[in-house]
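Chains as they are written, first to last, in our numbering: chain A, 1 to 289; chain B, 290 to 653; chain C, 654 to 896.
The set of hints was computed from the structure by calculation and includes no laboratory data.
These figures come from a predicted structure and were not determined experimentally.
All residues carry an ideal CB built from backbone N, CA and C; glycine is no exception.
Be aware that one or more of the hints could be misleading.
[Claimed, not checked] Derived lysine-lysine pairs resembling DSS-like cross-links, with alpha carbons at most 27 Å apart: (1) K302/B with K376/B; (2) K732/C with K302/B; (3) K768/C with K732/C; (4) K297/B with K768/C.
[What the hints assert, rightly or not] Looking from chain C toward chain B, a few residues come up when the C-beta cut is under 8 Å (computed): (5) V730; (6) N746; (7) A751; (8) L758.
One-letter residues, chain by chain:
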Amino acid sequence: MPAIEVVLGGMILGGLYALVAIGFNLQFGMARIVNLAYGEFLMGAAFAAFWMFTLASINPLLGMLASVPVTFGANWLVYRVLMMPLVRRARTRQELEGETILATFGLLFVLRGLATLAFSADNRYYDYLGQPLQIFGFTFAANRVLAFAMACVFTAAILLVLNRTRFGTALRALAIDPVGAELVGIDVRALSGIAFAGGGALVAVAGTLVSTFLTFNPAIGIEFTMKALVVVIMGGIGNIGGSLVAGLLLGIAEALCSYYVDSGLTLAVAYALFLIVLVVRPRGLFGTA
Amino acid sequence: MTETSEDKRIRRKRAAAAVGALAMLVAMLAALPWLVSDYSLSLLLNLICYLVLTIAWALFSGTTRLVSLATSAFYGVGMYTVAMLIKVLPLYAAFAVAIGAGAVLALIVGVLTLRISGMFFVIFSFGLSEMMRELMVWWEINQTHTMGRYVYVDFSTTKIYEHMLGLGVLVFLVGWLLRRSRFGLALLVIGEDETVARQVGINVPFAKVAIFIVSAMFMTLSGALMAPRFGFINPNFAFNPLVSFQVVIMAILGGLQQLWGPVLGVIPLIVLSEQLQTEFPFWYSVFLGLVFMVIVYFLPRGLTGLLEDGWAALGRPLDLPRGFSGPLRDAWALLSRPISLPRGIAGAIEDRWIKIMPRLTEKR
Amino acid sequence: MAALLEVEALRKAFGGLVAVNNMSLSVAPGEVLGLIGPNGSGKTTLLNLIAGTLRSDSGRILMDGEDVTALPNHLRVRKRINRTFQLVRAPPNLPAIATVMAGVLYGAGERVRFKDAGYEAAGWLGEMNVLTKADRRFDQLTYIEQKRVELARALATRPRVLLLDEWLSGLSPSELEGGISVVWSLAARGIAVILVEHVMTAVRALCHRVIVMNAGSKIAEGPPDAVLRDGEVIRAYLGDDDA
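Bound-form chain A, shown alone (with noise of 0.2 Å):
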């Protein structure tokens, strides 16, 4: 396989770090929230198109129609729930930052033993669109080419939202300054939830198009969870340009790793990125606001 098919291959899964990133950069960018259980919707909205597409045979791009929607409530509550009163709770940022951080990581092991007694801890693995497809000459299995495809479709919406409406605006005022943003009218904590439930909805949207081409179990939260992270310190806290940028890169280097020296180093690889990042450009390959 020439070096340029791998590069290609890893730019289809970091097309969908990247989305994985956008979210997660919508809670932590905007929001305000580390939310460390944030691989665990992944993985929900992974195993709810699992179910969906063999016992009702359901396409899983439908079956996002419903996963998607409940995954941003599901989201909005724990925002309402679990996440408010740590913002009220919290005097500095780097406060809320430390409790969220704990109250996570409790809700991680809450929804990860859940779903291990649901569904058992084995992996899961479905064929929906598994045939190859040519594309200029390279090979790709069809079902990376669409999640590629509708990765960069979300993005797109994403950034056309925040950089062209007014809502999009509003949230890019609540990631730069949320007292500023406040004192120019912007309900800052209803807007806080629907960003919190906006990261939700991307991940379950990332989670139903990993789970087309990827075998998954209860556990593989954790590491969507670090990537997403990796990803948005590289790219920038807030930046969702640089999110974009740093989740190809991920997906990239990931993909040059795995061809050249091994398939199973894909965490090592994110954190040797991670740690190059805060070593050489501490504020991210784009700065952050």
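Given chain A's structure and the hints, the job is docking chains B and C onto it.
Showing chains B and C alone in chain A's frame:
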């Protein structure tokens, strides 16, 4: 109330009695393996192991206020290093190498992440255990073509227990000394306000890395000690994120203000885990998560906070005749003195005050 | 008298904003140098650069002839440069004496035993007249008490150069008098003091020399009376109409 030499003598006698009581407690614990069943010994071993882990965790995270989620990483490094080296090295040498490996890992992680921001450190520590597991799996598959090691060595559970008990006494001692030392004060200041710490002349990154390494070495050694207990160890077993999680819960449940706080957190959780793990292993994870969230939301000062509030609410207790319980209570008081002032300062302040402003001396 | 602290052409920019532009100054032992200017002129940034909290983009800082520009914050403390903060900072949950003890143990230069540190810290607190509050938690002290504890903390590190960031702000007239005499006694002891202030009575009373900053640059330097009459300075504070 200046401290007379009479007071000093009484204080020294009480301190000696307290230390004596504690020594007796440790001796009793050490004698237990010959008095209890195998099952109870196993339970006790778990207890002491987690006590070591939790106190070690509190050494770093309790002072600097940086939540470390990396306990599993060091525990796993300890356990797996011994598992890997047991065939080529004598057991104690394997322990030594394990501690070294833990220290090196802590040094690398600390130097790279502790200089930058607390939050990045927490995030990094979160996935560290997973990454170590991944690395070990990769190593095993590619280098040795095995997946897990057999650990057959003549090191009985009783021996492990005694060693772990010794480690527990040691970590307790380190914690106690830290509270009364220059370095401990530096860590507390760092935990409260890093800017002020720097402005006072404290080398903040160095201090953080130093205590992180100390904490990691204890965690690594406890993992190493536990290795001979299991006949077969694979990376998934050694690097279990649940260990990190349990330690954090135990520490926060027990409360971090007092040195004996972790005891209050470790005992109930270990007892509970024994009950739940066998019958409802996956419910345990859910249950832990819920308990943890309850603590974060309602009991931020943990059980010690609750106890302290309760004690204060009950008012002054009845004065018991000193007898046998007296030294025990002194031991209790000795252990529970939080770091505020060294004992002599109250006297020093009062002396100075009396010398400078005799007219303003208040009646106590 | 020979200068103790010399600052040469310091510059600090945050992105496009130049907070400190080519600032030079020098202070001699026992001298009180006032640093005044409208809000946002870069005074606190300059103090941060001298203290080591921030790294300058260019320029040099010489302490007793020695180039300390490359030293981080905690090493500058060991070179006898210390400061107080505009918004009083100290560990909120520790007793006051613990903060001062930290200064004695880590900043004073010679190794002090932990037991003895308490006595020395009590001494500094006594000098600042807050000895009775030694065992109170910092966040339980009144504003003026907190300021004094913070100054005790700074003094415990035996500074030869002391940077006071609006230490006399927010005080009642009688407290201000007390504060002014404290600063005066510091200078009398030979400490070189750089005083960032808005309270002009204090500036007139204390400062041998005053430097005025505006938008990061020095616009005037000289004795307080002359500087405060300077047209440029008045324009910086009040605008064109009143010059």
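Hints, verified against the model:
For the suggested pair K302/B and K376/B, the alpha carbons sit about 51 Å apart, so the restraint of at most 27 Å is broken. Our distance criterion of 27 Å between C-alpha atoms is broken by K732/C and K302/B, whose separation comes to about 45 Å. Between K768/C and K732/C, the direct Cα distance comes to roughly 25 Å. Compliance with the 27 Å bound is thereby established for this hinted pair. Of the supplied pair hints, the one linking K297/B and K768/C holds, its CA atoms being roughly 16 Å apart against a limit of 27 Å.
Against a cut-off of 8 Å between C-beta atoms, the interface hint on V730/C holds, since the closest Cβ of chain B lies about 4 Å away. For N746/C, the interface hint holds, since its Cβ comes within 8 Å of a Cβ in chain B; the closest pair sits about 6 Å apart. With 8 Å as the threshold, the beta carbon of A751/C comes within range of chain B, its nearest partner Cβ sitting at about 6 Å, so the hint holds. A hinted interface residue such as L758/C counts as satisfied when its beta carbon comes closer than 8 Å to some beta carbon of chain B; here the least separation is about 5 Å, so the hint holds.
Violated hints, in rising order: 1 and 2; the structure is consistent with all others.
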